[in-house]
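Participant: Next come the chains, spelled out residue by residue.
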Amino acid sequence: MPGVIVLDVRDVVVSFDGNVVLDHVSIHIERGETVALLGPSGSGKSTLLRVIAGILEPNAGTVTVDGRDITHLPTHSRSVGMVFQDEQLFPHLSVADNVAFGLKVAGVRPAERRHRSEELLDAVGLGGLASRSIDNLSGGERKRVALARSLAPNPSLLLLDEPLTGLDRELHDRLATELAAVLHERGTTALWVTHDRGEAQAIAARSIVFTI
Amino acid sequence: MVSPRAGQLRIAQPNRLPVWFRAMVSVPPVLFLSVFYVWPFLTLVVRGLAGPDAFDLLVEARTWRVVWFTTWQAAASTLLTLAVGLAPAWATARYHFPGRRLLLSAVTAVFVLPTVVIGAAMIAVLPAALERTVWAILAAHVVFNLAVVVRTVGTSWAVIPPDLEHAARTLGASPWQTFRSITLPVLRPAITAAGAIVFLFSFTSFGVVRVLGGGNRNTIEVEIWRRATQLGDISGAATLTIVQLVALAAVVAWSSKVQRRTATTLGSAGTHRFSVRPTGQTRRRVAAAASVAALIVVVPLIALVERSLWNGETYSFVAWRSLGNNEIRPGLNIGIDPLAALRTSLTTAAWATGFALVIGATAVVAISTLGRRSSRVLDTGLMLPLGTSAVTIGFGMLITFDHDPVDWRAAWWLVPVGHALVATPFVVRNSLGVLRSISPDQRHAAATLGATPIRAWSATTLPALRRPLATGAGLAAAVSLGEFGATSFLSRSGNETLPIAIDRLLGRTGRLFQAQAFALASILAAVTIVLVVAIDAGGDRARRS
Amino acid sequence: MTNARGRTRPVALSLLVLATLTACGDDSEGGDGGAAGAGPCGAAAEPGDSPGVGGDRADGESVTLVAYESFPTDPENPVVEALAAFTAETGVEVEILIAGDTGTMLSKATLTAGNPEGDVMWGIDNTFLSRSIDGCVFEPYAAVALTDLPSEFTQLVPGREATPVDFGDVCVNYDIAALEAAGVAPPTSWEDLTSAEYAGMLVVQNPATSSPGLAFLMGTVAAFGEDGWAAYWSDLVANDVLVVDGWSQAYYEAFSWAGGDRPLVVSYGSSPPFEVLFATEALDAAPTGVVESTCVRQVEFAGILRGTEHLGAARQLIDFLVSPAFQQVVALNLFVFPVHPDVELDQTFIDYAAIPESPVSLDPAVIDEHREEWIDEWSRLVQGN
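Each protein sequence line maps, in turn, to chains R, X and F. When we follow my numbering, the leftmost residue of the first sequence carries the number 1, and every step to the right adds one. When we follow my numbering, the leftmost residue of the second sequence carries the number 1, and every step to the right adds one. When we follow my numbering, the leftmost residue of the third sequence carries the number 1, and every step to the right adds one.
Bound-form chain R, shown alone:
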């Protein structure tokens, strides 16, 4: 049901040692929408994601998700997922265990976990790689695992921090379309950070542009 606001960021201020990185930033995202956050390096895109994820606390302003003020909530109770630029896969866990991590933390039973992670791996096109070690994945495969992992706990909002960096042009374009389709099919509300105008157009109907 479009029109319902999932993410509402108001007047967020972040400054490091006196340098203002985010100066009264306000954005909002509606349910099921994938929004591209576009801007050059250093424009504060990643900082905003970290504020929304609760990795960084803002100096001022509020972050609301599904009508709940989460500005001072710790990351794990926000139901905000995140795909990191460098994936941050857990090196000691297999592909399936990486994907199932969020389910395990939530106390989902092993059989159910296995089922859901297999289903997600199928969805991102990695069916059959469940028991693979993280060390033996290609760049594109790592990105897919990262997406599947962040989708597993069914977050209210998914943040993607330049999720396609480091891939060759052809793979980049193919994956952008595929991942956007996965998000769309699942009705995920997503904020996708990129510095690439073409990528923004390919994955989102709406873009927010940051400038320095």
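Worth flagging that the hints you see were computed from the coordinates, not collected in a lab. Owing to the predicted nature of the structure, the values given are computational and were not obtained by experimental measurement. Be a bit skeptical, because a hint or two may be false.
[Said to hold, decoys possible] Cross-link-like lysine to any residue pairs, in silico, SDA-like; alpha carbons within 25 Å at most:
#1 Lys-104/R with Ser-458/X
#2 Lys-257/X with Thr-71/X
#3 Lys-104/R with Pro-91/R
#4 Lys-104/R with Ser-131/R
#5 Lys-104/R with Thr-452/X
#6 Lys-257/X with Arg-436/X
#7 Lys-104/R with Pro-463/X
#8 Lys-257/X with Leu-435/X
#9 Lys-257/X with Arg-455/X
#10 Lys-104/R with Gly-127/R
#11 Lys-104/R with Ile-454/X
#12 Lys-104/R with Thr-62/R
#13 Lys-104/R with Ala-123/R
#14 Lys-257/X with Gly-371/X
#15 Lys-257/X with Trp-72/X
#16 Lys-104/R with Arg-455/X
#17 Lys-257/X with Leu-80/X
#18 Lys-257/X with Arg-376/X
#19 Lys-257/X with Arg-373/X
#20 Lys-104/R with Leu-129/R
#21 Lys-104/R with Phe-21/X
#22 Lys-104/R with Pro-18/X
#23 Lys-104/R with Leu-93/R
#24 Lys-104/R with Ser-439/X
For this one, chain R is given, so just place chains X and F on it according to the hints.
Facilitator: The following block gives chains X and F in isolation, referenced to the frame of chain R:
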């Protein structure tokens, strides 16, 4: 209540571990250190400095000659050990080759042999012209401390992606330039850590200096021992203990500062090892580096076995045969049961390793989760026992734990606790580097998946800690097996450990005793090699599973 | 309290726990060392206490015998078996506590005087005796058998703080084969050691760190006087004497019999018989000999540690230690000679050990008074610092 205001400079970290958790992990190391080190140390020093002429020593020229010799030989030993140890550290960290694990274990075994034994082995090996010169002391320190450099630097070297160096090469850097400008800076925290430990050990060298110093080259440690035990001059010993500690505290503080400043975050979570089989040209270089290390540690080990078989004129197994045979002839008994000594050593080492692991692991966690100042205090504090004269700790315990409710002088666990005091820094040093190389985003990633701060921390940190903790445990066990410092100043009833048994045998007249001492030293070395191999293998499995 | 302050809380918390613990410890400290009474060492033992031997059986009581590191602890060793016989006779259990080398053992006893680690101490020698008496380590006691012992030994402790239990001699030893090979006869006097014939042959221990080294230095003082010993040492240095740290280094690394290159070494009068007894291959004759005129006598003492809670049992144990039953196991197991004149020695000892007629000996009080001064002067003279 925390309510951020606009314009406030500091950004809060909302996912910090809760205070109760940080307090809980800092209690064991702080308590352990305070009760078993700080308290006895202060008790002895206060007692010693109560005398009216406590500081008279400080104006004597002899004292400063000892301080000067201690310092320069430690600096020279450190530089030499680093120079010799870097090549084998590179070879064993970067490449798989036959005998690699055995080499690492042999290097470690030498590190834990009692100094008396190494000193004797060095005399057997070195040409007569070098015996009882300062070169003999430096050479012994290199042989001893090689393991510290090879293992500490190797652990860090193993997790540097080779492409980092390849990148530099493609930018036109020669191998030497690449090493100087890329590898060395990345390794600097590990090199500093290893250097600091080698310096500590050389600075406080006791057995080696007594055996090889010819009696007129004294380190501060030997001088403290001489004053406290042979002259009964506790106040002089206390004064020198403080001099030694001040000097070392400065070095340790400096090294932790350098380590923190130069710590680099590598892309991997610190558990991935990049090692391959050497090919082509590299094979020769790896072989050369490994052979040098092998020669340095194997020659003294062979000398041990050789001396256990030599009876002055011919070789025979009589010392080995008589090991279990306590009664030499009717009414004549050796008075030392080697098998019981071995059992005592193993039991003590097991307890000491357990203590060191618990204290070391909680300390590592505490150091990495506490605020900067607290963690620095704890970090430096844990290193201090290494730099404190063994006599001071031993005598301090004696006069501190002498009344209810701490009447522990005769407690069986005081010896393993003493070992753990010396072994804990090995657990900590080994793990801290790895822990610092883990990207904080690993924790953040876990948090975005719904993990609480503690869960996120344990899910990402503990698996990475398993390997360095296993390595640290191996070193701790080895340190305990060879420990001949503080605990030799604690009184004991019942069986002696192997190093003490060896020392007793070497203190008696009769070739049989001498040969048996070397037989026991060979056994100690063998046990250590087996132990270190097993723990290394365990660590590898833990990493793979 | 702001969040910034919160950082220091965990360590502060731990320190609080520690402070509590330390405070508990301090509270009880007032309990010990309270004994104050006549004499420089506090209260003497209660006067009515009876000597040990012949006293009642004291089943279940236990005394701790503190000893130096070469004291046997193996239950099968005859020394330990003899102590078991004492237990069978008196009911008093004996636990052996090893406290380190003699110097370390005495330093510990001095630090803990009044609240000792054990009840009886074995093995303080005459070079350390004065220090132990000045440090109020012992509780005086006159052993029952004291009158049986030679006055040569008993006169050393007129205050009866400790009881002589064994003696030995520190003498120059020589390697018979090596001297033969070099074509020289064994030396026979102190002066021989400085003659060109024996240049580069002698190894001695540093008196600052070694008990036989100190005894040898004291021997030269006794032989050449307080004014003459320094000149003698200058001659020794000119004759290329080698100084090493301890007995093991001298005997096992420098002495030619054990693989070194020096045929003369400062060791013990009992070293030759032990070379026979503990040879790797059976020997018909001792391979080493002793220069008897260089022998310096060392006497070892046992004493009751002041502050013991088992005074009666401790006295019984002292009586036992000087009784023939214990004295006869001393020689073979502790490398020394028994003080009790009724004890017969093992034949090997009679054959190979040197018990010189008139060894050099120094008054413990003189040793103690000048030890540090002589060692310092020796260091300047011999080692240049």
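Participant: For each hint, tell me whether it holds in the structure or not.
Facilitator: Going down the list of hints, with the structure as the test:
Between Lys-104/R and Ser-458/X the alpha-carbon distance is near 14 Å, which keeps this suggested pair within the 25 Å criterion. A threshold of 25 Å between alpha carbons decides the hint, and for Lys-257/X with Thr-71/X the separation of about 20 Å falls inside it, so the pair holds. Between Lys-104/R and Pro-91/R, the direct Cα distance comes to roughly 17 Å. Compliance with the 25 Å bound is thereby established for this hinted pair. Proposed proximity of Lys-104/R and Ser-131/R is supported: the alpha carbons are some 17 Å apart, at most 25 Å.
Among the hinted pairs, Lys-104/R with Thr-452/X is consistent with the structure: their alpha-carbon atoms are about 12 Å apart, no more than 25 Å. A threshold of 25 Å between alpha carbons decides the hint, and for Lys-257/X with Arg-436/X the separation of about 14 Å falls inside it, so the pair holds. With a CA separation close to 16 Å, the supplied pair Lys-104/R and Pro-463/X stays within the 25 Å bound. A hinted pair counts as satisfied when its Cα atoms are at most 25 Å apart, and Lys-257/X with Leu-435/X qualifies at roughly 16 Å.
Straight-line distance between C-alpha atoms of Lys-257/X and Arg-455/X comes to about 30 Å, which puts the hinted pair past the 25 Å bound. Proposed proximity of Lys-104/R and Gly-127/R is supported: the alpha carbons are some 20 Å apart, at most 25 Å. Under the criterion of a C-alpha separation no larger than 25 Å, the hint pairing Lys-104/R with Ile-454/X is consistent with the structure, at around 15 Å. Restraint check for Lys-104/R and Thr-62/R: the C-alpha separation of about 30 Å exceeds 25 Å, so the hint is violated.
Restraint check for Lys-104/R and Ala-123/R: the C-alpha separation of about 20 Å stays at or below 25 Å, so the hint holds. This hinted pair checks out: Lys-257/X and Gly-371/X have alpha carbons roughly 15 Å apart, not beyond 25 Å. For the hint linking Lys-257/X to Trp-72/X, the alpha-carbon distance of about 22 Å falls within 25 Å, and the restraint holds. Distance hint between Lys-104/R and Arg-455/X is fulfilled; the C-alpha atoms sit about 11 Å from each other, no more than 25 Å.
A threshold of 25 Å between alpha carbons decides the hint, and for Lys-257/X with Leu-80/X the separation of about 23 Å falls inside it, so the pair holds. Among the hinted pairs, Lys-257/X with Arg-376/X is consistent with the structure: their alpha-carbon atoms are about 9 Å apart, no more than 25 Å. For the proposed pair Lys-257/X and Arg-373/X, the alpha carbon gap of about 12 Å is at most 25 Å, so the pair holds. Our distance criterion of 25 Å between C-alpha atoms is met by Lys-104/R and Leu-129/R, whose separation comes to about 19 Å.
For the hint linking Lys-104/R to Phe-21/X, the alpha-carbon distance of about 22 Å falls within 25 Å, and the restraint holds. Of the supplied pair hints, the one linking Lys-104/R and Pro-18/X holds, its CA atoms being roughly 22 Å apart against a limit of 25 Å. About 13 Å separates the Cα atoms of Lys-104/R and Leu-93/R, which keeps this hinted pair within 25 Å; it holds. As the CA atoms of Lys-104/R and Ser-439/X are separated by approximately 22 Å, the hinted pair is consistent with the 25 Å bound.
In summary, the numbered hints that this structure violates are 9, 12.
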